[in-house]
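Its first residue numbered 1, the sequence shown is counted upward by one per residue in our numbering.
Keep in mind the hints are simulated off the structure, nothing from the lab.
Being a predicted model, the structure only gives us computed values, none of them experimental.
Wrong hints could be hidden among the right ones.
Unchecked claim - Lysine-lysine pairs mimicking DSS-like chemistry, simulated, CA-CA at most 30 angstroms apart: (1) K119 <-> K163; (2) K163 <-> K21; (3) K164 <-> K21; (4) K163 <-> K86.
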Amino acid sequence: MTPSIEETLLSAIRTIPDYPKPGILFRDITTLLGNARAFRRAIDELVHPYAGEKVGKIAGIEARGFILGGAIAHQLSAGFVPIRKKGKLPHETVRVAYSLEYGLDEMEMHKDGVAPGEKVILVDDLIATGGTAEAAVKLLRQIGADIVAACFIIDLPDLGGRKKLEALNVPVRTLIAFDGH
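Can you build the whole structure from these sequences, using the hints too?
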């Protein structure tokens, strides 16, 4: 009997207590990425609903979103666009500031990374409070992207990130949810 996608992914994700600070349970997907079967199943599950759609670009949030986004872009025959921290991209960029627990940060992408009206899927490993993903949505919309969905392997629903994206009319696809942090 083949294990369910949830069983496969849960067994492949390492949980590290008290990282990066006491009380946090860090969900580490590097173990999933190193498990060929689990990695393949995760990518297949994220790609499946969009197979046959004319998605032009996959936008991956630094850094794990690059790994997942590249694999998804390949499967959908789409291009890949990196969304990075300020100062990491060499060409003309657009930028957005967003709040973190401890202050402000900025993310950017190349101004010519997405054409106005182009269909884009936003990708990262995990949705928690949603601040980074919400900023990425605003950045993509700033240059006219048509955001088809935001996809994540892990959802931490108690932290409300999914609801923030849905309030922006962005459909959210996640594969597994963890209660608590």
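Going through the hints against the structure:
1. K119 <-> K163: 22 angstroms, holds
2. K163 <-> K21: 25 angstroms, holds
3. K164 <-> K21: 24 angstroms, holds
4. K163 <-> K86: It holds: about 26 angstroms lies between the C-alpha atoms, which stays within 30 angstroms.
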